Amino acid sequence: MADTTPVSLGKLDPKIPTGPIEKRWEKHRFEMKLVNPANKRKHTILIVGTGLAGASAAASLSELGYKVKVFCIQDSPRRAHSIAAQGGINAAKNYANDGDSVYRLFYDTVKGGDFRSRESNVYRLAEISRAIIDHCVALGVPFAREYGGMLDTRSFGGAQVSRTFYARGQTGQQLLLGAYSSMMRQVEKGACEMYPRREMLDLVQVDGMARGITVRNLITGEIESYVGDSVLLCTGGYGNAYYLSTNAMNSNASASWRCHRKGAYFANPCFTQIHPTCIPRSGDYQSKLTLMSESLRNDGRVWVPKSKGDKRPPQQIPESERDYYLERLYPSFGNLVPRDVASRQAKFRVDEGRGVGPSGESVYLDFADSIKRLGKDAISEKYGNLFDMYAKITDENPYEQPMRIYPAVHYTMGGLWVDYNLMSTIPGLHVLGEANFSDHGANRLGASALMQGLADGYFVIPYTLGHYIASTKMEKVDTTHDAFKASREEVSVRLNKLLNIKGKRPVDEIHKELGNIMWDLVGMSRTEAGLKDAIAKIRTLRKEFWSNVHVTGEPNFKNSELEKAGRVADFLELGELMATDALERNESCGGHFREEYQTPDNEARRDDEKYSHVTAWEFTGSNDSAAWKPNKEPLTFEYVKPSQRSYK
Amino acid sequence: MSDKKMNLNLKVWRQAGPQAKGHFQEIQATDVSEHMSFLEMLDVVNDNLVRKGEETIEFDHDCREGICGSCAMVINGNPHGPDRATTTCQLHMRRFKDGESITIEPFRAKSFPILKDLVTDRSAFDRIQKAGGYISANTGSAQDANNIPVPKKKADLAFASATCIGCGACVAACKNASAALFVSAKISHLALLPQGEAERSERALGMVAQMDAEGFGACTNTGACSASCPVEISLENIARMNREFMFASLKKK
Numbered sequence: 001m002a003d004t005t006p007v008s009l010g011k012l013d014p015k016i017p018t019g020p021i022e023k024r025w026e027k028h029r030f031e032m033k034l035v036n037p038a039n040k041r042k043h044t045i046l047i048v049g050t051g052l053a054g055a056s057a058a059a060s061l062s063e064l065g066y067k068v069k070v071f072c073i074q075d076s077p078r079r080a081h082s083i084a085a086q087g088g089i090n091a092a093k094n095y096a097n098d099g100d101s102v103y104r105l106f107y108d109t110v111k112g113g114d115f116r117s118r119e120s121n122v123y124r125l126a127e128i129s130r131a132i133i134d135h136c137v138a139l140g141v142p143f144a145r146e147y148g149g150m151l152d153t154r155s156f157g158g159a160q161v162s163r164t165f166y167a168r169g170q171t172g173q174q175l176l177l178g179a180y181s182s183m184m185r186q187v188e189k190g191a192c193e194m195y196p197r198r199e200m201l202d203l204v205q206v207d208g209m210a211r212g213i214t215v216r217n218l219i220t221g222e223i224e225s226y227v228g229d230s231v232l233l234c235t236g237g238y239g240n241a242y243y244l245s246t247n248a249m250n251s252n253a254s255a256s257w258r259c260h261r262k263g264a265y266f267a268n269p270c271f272t273q274i275h276p277t278c279i280p281r282s283g284d285y286q287s288k289l290t291l292m293s294e295s296l297r298n299d300g301r302v303w304v305p306k307s308k309g310d311k312r313p314p315q316q317i318p319e320s321e322r323d324y325y326l327e328r329l330y331p332s333f334g335n336l337v338p339r340d341v342a343s344r345q346a347k348f349r350v351d352e353g354r355g356v357g358p359s360g361e362s363v364y365l366d367f368a369d370s371i372k373r374l375g376k377d378a379i380s381e382k383y384g385n386l387f388d389m390y391a392k393i394t395d396e397n398p399y400e401q402p403m404r405i406y407p408a409v410h411y412t413m414g415g416l417w418v419d420y421n422l423m424s425t426i427p428g429l430h431v432l433g434e435a436n437f438s439d440h441g442a443n444r445l446g447a448s449a450l451m452q453g454l455a456d457g458y459f460v461i462p463y464t465l466g467h468y469i470a471s472t473k474m475e476k477v478d479t480t481h482d483a484f485k486a487s488r489e490e491v492s493v494r495l496n497k498l499l500n501i502k503g504k505r506p507v508d509e510i511h512k513e514l515g516n517i518m519w520d521l522v523g524m525s526r527t528e529a530g531l532k533d534a535i536a537k538i539r540t541l542r543k544e545f546w547s548n549v550h551v552t553g554e555p556n557f558k559n560s561e562l563e564k565a566g567r568v569a570d571f572l573e574l575g576e577l578m579a580t581d582a583l584e585r586n587e588s589c590g591g592h593f594r595e596e597y598q599t600p601d602n603e604a605r606r607d608d609e610k611y612s613h614v615t616a617w618e619f620t621g622s623n624d625s626a627a628w629k630p631n632k633e634p635l636t637f638e639y640v641k642p643s644q645r646s647y648k
Numbered sequence: 001m002s003d004k005k006m007n008l009n010l011k012v013w014r015q016a017g018p019q020a021k022g023h024f025q026e027i028q029a030t031d032v033s034e035h036m037s038f039l040e041m042l043d044v045v046n047d048n049l050v051r052k053g054e055e056t057i058e059f060d061h062d063c064r065e066g067i068c069g070s071c072a073m074v075i076n077g078n079p080h081g082p083d084r085a086t087t088t089c090q091l092h093m094r095r096f097k098d099g100e101s102i103t104i105e106p107f108r109a110k111s112f113p114i115l116k117d118l119v120t121d122r123s124a125f126d127r128i129q130k131a132g133g134y135i136s137a138n139t140g141s142a143q144d145a146n147n148i149p150v151p152k153k154k155a156d157l158a159f160a161s162a163t164c165i166g167c168g169a170c171v172a173a174c175k176n177a178s179a180a181l182f183v184s185a186k187i188s189h190l191a192l193l194p195q196g197e198a199e200r201s202e203r204a205l206g207m208v209a210q211m212d213a214e215g216f217g218a219c220t221n222t223g224a225c226s227a228s229c230p231v232e233i234s235l236e237n238i239a240r241m242n243r244e245f246m247f248a249s250l251k252k253k
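Protein chains in written order, with our numbering: chain Z, 1 to 648; chain A, 1 to 253.
It is worth saying that the hints were derived from the structure and are not from the lab.
Among the hints, erroneous ones may be present.
[Said to hold, decoys possible] Distance condition first, Cα-Cα at most 30 Å in a straight line; then the derived BS3-like pairs of lysine-lysine: (1) Z:Lys262 x Z:Lys69; (2) Z:Lys376 x Z:Lys306; (3) A:Lys152 x Z:Lys392; (4) A:Lys110 x A:Lys11; (5) Z:Lys189 x A:Lys251; (6) Z:Lys512 x A:Lys4; (7) Z:Lys629 x Z:Lys11; (8) A:Lys52 x Z:Lys543; (9) Z:Lys376 x A:Lys153; (10) Z:Lys15 x Z:Lys473; (11) Z:Lys392 x A:Lys5; (12) Z:Lys497 x Z:Lys262; (13) Z:Lys485 x Z:Lys11; (14) Z:Lys537 x Z:Lys629; (15) Z:Lys512 x A:Lys52; (16) Z:Lys33 x Z:Lys67; (17) Z:Lys376 x A:Lys154; (18) Z:Lys189 x A:Lys110; (19) A:Lys4 x Z:Lys308; (20) A:Lys175 x A:Lys11; (21) Z:Lys537 x Z:Lys632; (22) A:Lys5 x Z:Lys504; (23) Z:Lys502 x A:Lys52; (24) A:Lys11 x Z:Lys504; (25) Z:Lys15 x Z:Lys262; (26) A:Lys153 x Z:Lys372; (27) A:Lys52 x Z:Lys504; (28) Z:Lys11 x Z:Lys610; (29) Z:Lys512 x A:Lys11.
Please read these numbers as outputs of a predicted model, since none were measured by experiment.
Just chain A, with the same shape it has in the complex (with noise of 0.2 Å):
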């Protein structure tokens, strides 16, 4: 395995607080390896600015195997950098050249606000995830498991739809800012199991009510949400919530 080192000028946005105003900042990373992830490259340039006595730069992350959905910014203009389908913590360093420029700004939209250089603030999905974006049944109320079969192709369906990380990159990658991926992954999610038949109607008009009262912007079928998404999730999934939410609204009416 080789390992290529490189140099890199990093346009860094930094903002102090909620109502601080923000700027971007040029900080040059030196030696960084091919094999680094993006976050790792980033860790090092933290480590020179604590070593200088500067404050660092703070970005949320956790996991870093792309699942907790924590990591979220805007590299070179694209949500999660240029890479398909991954991450900011599975970039790898490879994908950049020595000497490159490479702008970082955290996910830009209203109903996400910026809470400190490249965190923002994302309990907006957390609000819509409890306006319907669940099954209710108590614990210990279950019948046996097998009692419901679900037919394979149907629970494919569905899992595609619940791997969703809830990180928001549809909404940065969305000109109008929209939520509809995110969205409508859940409620496809529940709306393709039997399992969710029950509350099917409350879920797509609770949900998409509490998304608008968030600010989210409207879908104009762009795609771009589901091009940035790292787990892929699809464009059908919002056609799906749409015809749930018709059927909903016309069958409340």
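Pulled out of the complex, with its shape left as it was, chain Z reads as follows (with noise of 0.2 Å):
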């Protein structure tokens, strides 16, 4: 295979090592320079977001001896929102003997992705896959297991082989509290502080390169700076946006869009991912939407009834009036379908006129055939959590008639553009999990968000942060360096600016009417006058948060209207440039779908000539306004050729 050649792409130079794909990693941290042991304590490492990337970040940059700090918004870094993720942790072990291998779970995430992805950086995430698993298991992990002791998988979400890891419905939970107890054993060394109740609000360029953040203490209300000489945002993806996800309430971009309004390149926003199996909303009052893991799709048949309309209970509705449409559609996957199939063709159904619930607005999920020939305490066994949890929320028993699904806000593959190095736009500054945008092209295939977090965070950035250390200059700097005083000065201005407006609307009003904007129009499926009419609404609500928003209480103490009011603010901005760039890609794509691309049977159609390309917006905007200008960085696909994803 031929090298990659190097071309000047400015800012947006992917610096993706040359050579086999299978050897570009390896090569690469040879290349990379090395810190010397007794000069990294010197360093000061500032991680913000304690979830999978930033606690494994936290856990293994302080085991090689660096100084890090870390924060988070949570009471502690335990409860960082990696904590819900249900279903398991991809990794090409090939235990199953079934056929896995590094090349097959790297070629699927690139197919899955829509080829929307770096082959390289993929590729990695493929090779590190396996390490993770070790390490998770060594730091005692409770994966399921077979009776003989040895790991359990499940196939999921799509895959052909059983390469996922799961510990029963709470893979996310044991995988974070994993990586949490690696950092409380650095801070009981003294290796590693720690920083919770801090919400970061800026970040502080020195000479260009990001040299440290400005935050506010939650509790007391005080704005407060931290020097490092790199800054890691573990900070998650902007799913709530939408208003309604499955993400945490607290889950917000601010961190992110702070850098990005700082010179820190936006890439690929409008590639969010839908998931197909939520609880469909019940009221106005909603406020956030509960996810029930795809792996009850390896058990579960999807259905809706054949006629419009039919209002009758699931029961009583006969076999041959039921349509089991991705089994119909997608015979070879049937209900496997990967996630952005399996919710547009959710949408389609509600659409016709054929979903059920009160709303309409869901689709069934049916155990019954599973429960007949498995029994229902394998069935408990497997997912009875779940069933739980359902059965809270909807006051319904799973056991004895069929789940009510609809597909809701769950993960965004857009995120910070950065390079092979998890390094942004701004030096010094590193993007991983979530927040950044890599690994997953326009469409995650289920069970890849953990593998990619912990990926960055134990093994890719412990190498490429020692290489941009040992190879930068950097002065000596503390928090009375001008930059700092003046970070700290236009945090508080905008903060007494929010408490100041005084208006009639709470915070949530304007947030949830945001979200109908973003779910109506840039939602599941867009159109070219619904995005240009969503940025125009957009526009006009930002103009009447700024007028009319009211955030009552005190700067000085816990005040969670003023942390949702900065939240939304950003929100604001970062809503329009998702519609802006859903309306400059004229293709559709993994979970960007856009009605005017797609083929005769309604499945998306890219068009590889224009739009191979990763989209990063730069922000031309000033404090008051925001603007973008689009760059480019082309995509090359070496080794997996393009081709129209089939899963018929």
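If you follow the hints, you should be able to join the two separate chains into one complex; please do so.
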């Protein structure tokens, strides 16, 4: 295979190593500079966020000897939203002896991402996946086991091999607690300092390099500064731009957005993942949506009634009058088609008037056949906690009647642009996990998010950060430096501005309105007219926010309203960028579906000639205005040749 | 699906800050849908407070799916409310009746100081965790995962202990404000696995010592902790912790 030709891409140089893909990471690791062990403790690394990416990075970097300071908005780092991931984590272990390999995981991920990710990054991810499982087991993560004591795996979300490791329906919890425990060990040793209940509100740059952060202490309201030699953003995705999503209530994009405004390019913001199996909403007061792990699709069958407006209870609808539409449309993958496909098909059924439930906005996920075949106990063993959760929320028993599910915003593939070293367009600002854009392309496969978060934190950043530190000269600064003073000032001014609007509308009300615009017009299917409409509406709503929001409380105390207000203000800009990106991308791929670009049988139609690139948006607005310029990083596919994804 | 509406009389603990004197405030919650979660009911109450220009009720919450362990309130005397195996965020209003009075307080324990309204400081749990709640394995040093077989039964037991969400309801439920259930769940999780063997004694000694240093009370085996635990961590863990601690103490001598 030919070497990738280095071309000058300015700020968007992905710094992909040359040579055969299976050797690139190894070669790169050798070529990168090392930091002398005795020197590592002279370097402070600031890590923002303590989910899988942040906690694992904090643990690994502290182990190496760096001085680590780690920040989170929760009262304890263990509460980061990775904790809620249910299904599992992929690894190319081939323990099942069913034909898996690093190459196959790489291939599946590139294809699953609809050819909009970077081959080299994905290959590295697949390569590292194996070490993650080894390490997590060593940390005591209680993965599911077979009777002989070996690790159990299952096939998950469209994969035809059994490569997903899991811990009942709580894999994220167990992996996060593993990373958290490792990090706490370093806290005990004094290698890592922990700052909970802190929200990053600004990035501080000195000589163009990321050298610190400005945070608000969420209990005392104090504005604090921290200095470091590099900043690692591990702050998750931006799904809450839609208001309703499976994200936690406090998940937000503000840390990323503040960095974006200071020069970090935002890549592929329109690539959002709508997860097919969530509990449908029940009313206007709804605060969040709950995911039902897609592992349920291994044993559940998705269906709607054949005729429109059939209001009979599901048990009374005979087999002959049910449409198991995924099995009908995709005979080889059936209920296990990738997320984007399953979600879109559910939407089509609801749009046809064949949705079920009180609002008509859901489809059935039926376990009757599996219970008959495997017994109730076997189903309960696999999915007990999910069934219980469903029953608690809906007051319906899924052992006796089918679940009702509907797609919901779940994950964002887009994020801050990073190069192969996970560094953004701001030198020294690294971005890990869901907050970056790099590995999942236009659609993430199930059980790949946990893999990526931990790969970035445990096994990528420990090397690439060292290279940055070893090859960068920086002056010594402290928090009295002008850049830090100016940042604190800017943050205080903004907070006071929010508190002094004293309009009529609560923050949540405006957030919900934004969410409705995003869901209707920048959701599962998008059109040119709809996106233009969305942009106009978001701009109007942003003006409304800055003139009519009401934020109660004081700046100097715990104040959730103030916290939310700052985040919603940022979502009101990010929402516009998501719509702008969706409008610019005149094709359908993965989670981005433009109605104008579809095949005759309603599948996404990519345009590889014009859109085989990453769109990285550069912020060109000012303090009070938002504007962007698109930049392109071309994508080349040397190994997995782009083809129309087919799951028929 | 029916949708019954109800009106409720809330008595909510309000406290301006850690040093301030707290009091119960009566607030009417009107038009509450039976399908709301308890926290969604509080969202609606807060929305009304904002519209009146009043300060909202502060409470910790995040995932709202019962796994992050953030939400923590005592509802009518019960940590996380009346339902078994249910966090506050998963408690639904269909559990209450129209016209009912509901008392809402923070978790109360000396080791969980109140910060504001229903928000408490539970950082004592982090400090207990760092006193030994880990396996010392540096990144990169692990052997192949299947080199350490773990019998399914053991793995399942370890998992059951490891599911603790660290919310602190066990402390709030205990008349002695003991943290024994929380601490024992972590000690058990790691003691049950072969990977945890090497540091087994130090872990038990370290975590128990830190638990005591934080000022949590002694365990007198009333079982209130397990009964109020949203993930039903079993009392067996406490027995196991006591054994681990005893053996470790003997070995040390």
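Consistency of the hints with the structure:
A distance of roughly 22 Å separates the Cα atoms of Lys262 of chain Z and Lys69 of chain Z; the hinted pair therefore holds under the 30 Å criterion. Distance restraint check for Lys376 of chain Z and Lys306 of chain Z: the Cα-Cα separation of roughly 28 Å lies within the 30 Å cut-off, and the hinted pair is therefore satisfied. For the given pair, Lys152 of chain A sits about 29 Å from Lys392 of chain Z by alpha-carbon distance, which is consistent with the 30 Å threshold. As the CA atoms of Lys110 of chain A and Lys11 of chain A are separated by approximately 22 Å, the hinted pair is consistent with the 30 Å bound.
Only pairs whose Cα atoms come within 30 Å are accepted, and Lys189 of chain Z paired with Lys251 of chain A is accepted, the gap being roughly 24 Å. Restraint check for Lys512 of chain Z and Lys4 of chain A: satisfied, since their Cα atoms lie roughly 24 Å apart, inside the 30 Å limit. Among the hinted pairs, Lys629 of chain Z with Lys11 of chain Z is consistent with the structure: their alpha-carbon atoms are about 13 Å apart, no more than 30 Å. As the CA atoms of Lys52 of chain A and Lys543 of chain Z are separated by approximately 23 Å, the hinted pair is consistent with the 30 Å bound.
The suggested pairing of Lys376 of chain Z with Lys153 of chain A holds, with an alpha-carbon distance near 20 Å, which does not exceed 30 Å. At most 30 Å may separate the alpha-carbon atoms for a hinted pair to count; Lys15 of chain Z and Lys473 of chain Z meet this at roughly 20 Å. For the proposed pair Lys392 of chain Z and Lys5 of chain A, the alpha carbon gap of about 19 Å is at most 30 Å, so the pair holds. Between Lys497 of chain Z and Lys262 of chain Z the CA atoms are separated by roughly 20 Å; this keeps the pair inside 30 Å, and the hint holds.
At roughly 28 Å between alpha-carbon atoms, Lys485 of chain Z and Lys11 of chain Z fall within 30 Å of each other, so this suggested pair holds. Our distance criterion of 30 Å between C-alpha atoms is met by Lys537 of chain Z and Lys629 of chain Z, whose separation comes to about 21 Å. A threshold of 30 Å between alpha carbons decides the hint, and for Lys512 of chain Z with Lys52 of chain A the separation of about 20 Å falls inside it, so the pair holds. Of the pairs offered as hints, the one joining Lys33 of chain Z and Lys67 of chain Z holds, with about 19 Å between alpha carbons and a cut-off of 30 Å not exceeded.
Between Lys376 of chain Z and Lys154 of chain A the CA atoms are separated by roughly 23 Å; this keeps the pair inside 30 Å, and the hint holds. Taking the CA atoms of Lys189 of chain Z and Lys110 of chain A, the gap is about 27 Å. The hint holds against a cut of 30 Å. Of the supplied pair hints, the one linking Lys4 of chain A and Lys308 of chain Z holds, its CA atoms being roughly 28 Å apart against a limit of 30 Å. Annotation: proposed proximity of Lys175 of chain A to Lys11 of chain A holds, straight-line Cα distance about 22 Å (limit 30 Å).
In summary, the hint linking Lys537 of chain Z to Lys632 of chain Z is supported, as the alpha carbons are separated by about 27 Å, within the 30 Å threshold. Using a Cα cut-off of 30 Å, the hinted pair Lys5 of chain A and Lys504 of chain Z holds, with the two alpha carbons roughly 26 Å apart. At roughly 11 Å between alpha-carbon atoms, Lys502 of chain Z and Lys52 of chain A fall within 30 Å of each other, so this suggested pair holds. Annotation: proposed proximity of Lys11 of chain A to Lys504 of chain Z holds, straight-line Cα distance about 27 Å (limit 30 Å).
At roughly 22 Å between alpha-carbon atoms, Lys15 of chain Z and Lys262 of chain Z fall within 30 Å of each other, so this suggested pair holds. For the hint linking Lys153 of chain A to Lys372 of chain Z, the alpha-carbon distance of about 26 Å falls within 30 Å, and the restraint holds. A hinted pair counts as satisfied when its Cα atoms are at most 30 Å apart, and Lys52 of chain A with Lys504 of chain Z qualifies at roughly 9 Å. At roughly 21 Å between alpha-carbon atoms, Lys11 of chain Z and Lys610 of chain Z fall within 30 Å of each other, so this suggested pair holds.
For the hint pairing Lys512 of chain Z with Lys11 of chain A, the CA-to-CA distance comes to about 28 Å; that is within 30 Å, so the pair holds.
Taken one by one, the earlier hints all hold for this structure without exception.
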